[in-house]
Amino acid sequence: MLAKRIIPCLDIKDGQTVKGIEFENLIDVGDPVELGKYYSDNGADELVFLDITASHEKRKTLSRLVTRIAKQISIPFTVGGGISSIADAETILSAGADKISVNSAAITSPGLIEDIAKKFGSQFIVLAVDAKPEDGKWIVYKNGGRIKTNLELFSWARQTQSLGCGEILFTSMNHDGTKNGFALDPLKKLTETLNIPVIASGGAGSIDDFIEVFNYSNVEAALAASVFHYQEIEISILKEGLYKEKIPVRI
Amino acid sequence: MKISIIKYNAGNITSVALALNRLGIQPEITDAPEIIQKSDKVIFPGVGEASTTMNYLKETGLNTLIPKLQQPVLGICLGMQLMCAFSTEGETPCLGIFDEKIQKFPPKEKVPHVGWSSISNLKGPLFKDIPENSFVYFVHSYFAYNNKYSIASCNYIEPFSAAMQKGNFYATQFHPERSGRTGELILKNFIEL
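Heads up: the sequence lines are chains A and B, in that order.
Heads up, the first sequence stops at 391 in the working numbering, and the numbers go up one at a time, no gaps.
Heads up, the second sequence stops at 550 in the working numbering, and the numbers go up one at a time, no gaps.
Calculated directly from the structure, the hints in this document are not laboratory data.
As the structure is a computational prediction, the values presented were derived from the model and not from experiment.
Each hint should be verified, as a subset may be incorrect.
[Unchecked claim] With a cut-off of at most 20 Å between alpha-carbon atoms, the simulated SDA-like pairs for lysine to any residue come out as follows:
1. A/Lys259 with B/Ser475
2. B/Lys465 with A/Gln263
3. A/Lys259 with B/Glu406
4. A/Lys259 with B/Ser498
5. B/Lys461 with A/Gln263
6. A/Lys211 with B/Ile382
7. B/Lys359 with B/Leu380
8. A/Lys329 with A/Ser295
9. B/Lys545 with B/Gly481
10. A/Lys328 with B/Val468
11. A/Lys386 with B/Glu541
12. A/Lys328 with A/Glu385
13. B/Lys364 with A/Thr207
14. A/Lys329 with A/Glu372
15. A/Lys177 with A/Thr207
16. A/Lys259 with A/Gly222
17. B/Lys461 with A/Ala257
18. A/Lys258 with B/Tyr413
19. B/Lys465 with A/Thr207
20. A/Lys329 with B/Lys480
21. A/Lys177 with B/Leu380
22. A/Lys177 with B/Asn378
23. A/Lys177 with B/Glu541
24. B/Lys485 with B/Lys364
25. A/Lys386 with B/Ser475
26. B/Lys359 with B/Gln383
27. B/Lys480 with A/Gly170
28. A/Lys153 with A/Met141
29. B/Lys523 with B/Tyr413
Please construct the entire structure, taking both the sequences and the accompanying hints into account.
Shown next as structure tokens:
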């Protein structure tokens, strides 16, 4: 039986964990290694680290942090943020990450997905995509939600799947930080459109929100940040809640 | 205790080494036959493509060394698949320790099989103190059916072999180094063989 995954996301800026409220007003919520270890010991199935201020010069700092994380934790983790070349991907993977996620760089040059998938395998590459609805269409944004693109969510997701992407991490920008629940309809449509796993992100506020997204759509995983960082939801209690609703989880 | 991790051109072995570090072991990552032969235990990890990797093992002579090892050997993921007789990934003969064929999952569900799945029918010392239906972490597109060597079974699209054993050769399709406390216990059981 394959379990649905619960994934805490740790946004990192200058080596520290932060969480944006709709991508702005960043607040420091701790040390990424400590938090990663805490989650690993308390039932998280996977971790995502997004370096939101990653730049080329900072790559070495990030790779040292990745190794520190890999030393401490025994569950899979994904690292993203500013990965824009095969060399970046290789640095992060060899530092100990299990997967890398790409976002803006894949929009600028979709060939990057294909190159990484060919070199390392599809299972190492997660496409992160931020989008919001405009005039009935889901429009993709890049650069941490700051720049609007011409891409439409579902066709972009299909394209990245055919380029060899292994998973899609979809964040609904209008839901992110609101704690009003996940963006159910686009998530359902993504899972119906794609053959690769979809990770739901943005809007988790309660245990019921997780139950709802797993019951409503066929997402493989749900990701959240602040509800875990501020201990509003304990992962162990969340998993008990999912288990009671007959949603397969690792307990 | 000396533990070697076989170094070859197959993906990320950092996480296996770090998992052993957490158990207080400093493994040697090496492709030197004399060091591998003298080790108390050998780990044969791997993530990658079967035929490319087999070619590399042939070039380095590791293909004849590995099947002759007398100490406990643990193959992980692609390592397990390469310990079988044949893989349809690149249509390559493999090391032939387990007389089994590796094949690709039919695309009835999402492939690769990625994530935490429960394992059952656990047998032998590798699974000492591991409860039935424990969850472990998988990332793979190819598999072996359950067979006479199976010491753990999993079900994804098809029932398949999650772990195998033949004499001193042990192998897991899942990644113990990424399987939380359960995985740590499995690695500890291997170290204590």
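Status of each hint after checking the structure:
In summary, the hint linking lysine 259 of chain A to serine 475 of chain B is not supported, as the alpha carbons are separated by about 30 Å, beyond the 20 Å threshold. Annotation: proposed proximity of lysine 465 of chain B to glutamine 263 of chain A holds, straight-line Cα distance about 18 Å (limit 20 Å). A C-alpha spacing of about 10 Å is found between lysine 259 of chain A and glutamate 406 of chain B, which places the hinted pair at or below 20 Å, so the restraint holds. Restraint check for lysine 259 of chain A and serine 498 of chain B: satisfied, since their Cα atoms lie roughly 16 Å apart, inside the 20 Å limit.
Between lysine 461 of chain B and glutamine 263 of chain A the CA atoms are separated by roughly 15 Å; this keeps the pair inside 20 Å, and the hint holds. Restraint check for lysine 211 of chain A and isoleucine 382 of chain B: the C-alpha separation of about 13 Å stays at or below 20 Å, so the hint holds. Restraint check: the Cα-Cα separation between lysine 359 of chain B and leucine 380 of chain B comes to about 13 Å, which is no more than 20 Å; the hinted pair holds. Between lysine 329 of chain A and serine 295 of chain A the alpha-carbon distance is near 11 Å, which keeps this suggested pair within the 20 Å criterion.
Straight-line distance between C-alpha atoms of lysine 545 of chain B and glycine 481 of chain B comes to about 14 Å, which keeps the hinted pair within the 20 Å bound. At roughly 19 Å between alpha-carbon atoms, lysine 328 of chain A and valine 468 of chain B fall within 20 Å of each other, so this suggested pair holds. Taking the CA atoms of lysine 386 of chain A and glutamate 541 of chain B, the gap is about 28 Å. The hint is violated against a cut of 20 Å. The hinted pair formed by lysine 328 of chain A and glutamate 385 of chain A meets the criterion: a straight-line CA distance of about 19 Å does not exceed 20 Å.
A hinted pair counts as satisfied when its Cα atoms are at most 20 Å apart, and lysine 364 of chain B with threonine 207 of chain A qualifies at roughly 19 Å. A C-alpha spacing of about 29 Å is found between lysine 329 of chain A and glutamate 372 of chain A, which places the hinted pair above 20 Å, so the restraint is violated. Between lysine 177 of chain A and threonine 207 of chain A the CA atoms are separated by roughly 13 Å; this keeps the pair inside 20 Å, and the hint holds. For the given pair, lysine 259 of chain A sits about 19 Å from glycine 222 of chain A by alpha-carbon distance, which is consistent with the 20 Å threshold.
Between lysine 461 of chain B and alanine 257 of chain A, the direct Cα distance comes to roughly 18 Å. Compliance with the 20 Å bound is thereby established for this hinted pair. The suggested pairing of lysine 258 of chain A with tyrosine 413 of chain B holds, with an alpha-carbon distance near 18 Å, which does not exceed 20 Å. Between lysine 465 of chain B and threonine 207 of chain A the CA atoms are separated by roughly 37 Å; this puts the pair beyond 20 Å, and the hint is violated. Between lysine 329 of chain A and lysine 480 of chain B, the direct Cα distance comes to roughly 42 Å. Violation of the 20 Å bound is thereby established for this hinted pair.
Proposed proximity of lysine 177 of chain A and leucine 380 of chain B is supported: the alpha carbons are some 16 Å apart, at most 20 Å. Proposed proximity of lysine 177 of chain A and asparagine 378 of chain B is supported: the alpha carbons are some 15 Å apart, at most 20 Å. For the hint linking lysine 177 of chain A to glutamate 541 of chain B, the alpha-carbon distance of about 15 Å falls within 20 Å, and the restraint holds. For the proposed pair lysine 485 of chain B and lysine 364 of chain B, the alpha carbon gap of about 28 Å is over 20 Å, so the pair is violated.
Distance check on the hinted pair: lysine 386 of chain A and serine 475 of chain B sit about 15 Å apart at the alpha-carbon level, within 20 Å; holds. Proposed proximity of lysine 359 of chain B and glutamine 383 of chain B is supported: the alpha carbons are some 8 Å apart, at most 20 Å. Restraint check: the Cα-Cα separation between lysine 480 of chain B and glycine 170 of chain A comes to about 42 Å, which exceeds 20 Å; the hinted pair is violated. Of the supplied pair hints, the one linking lysine 153 of chain A and methionine 141 of chain A is violated, its CA atoms being roughly 37 Å apart against a limit of 20 Å.
For the given pair, lysine 523 of chain B sits about 24 Å from tyrosine 413 of chain B by alpha-carbon distance, which is inconsistent with the 20 Å threshold.
Comparing the model with each earlier hint shows violations of hints 1, 11, 14, 19, 20, 24, 27, 28 and 29; every other hint is respected.
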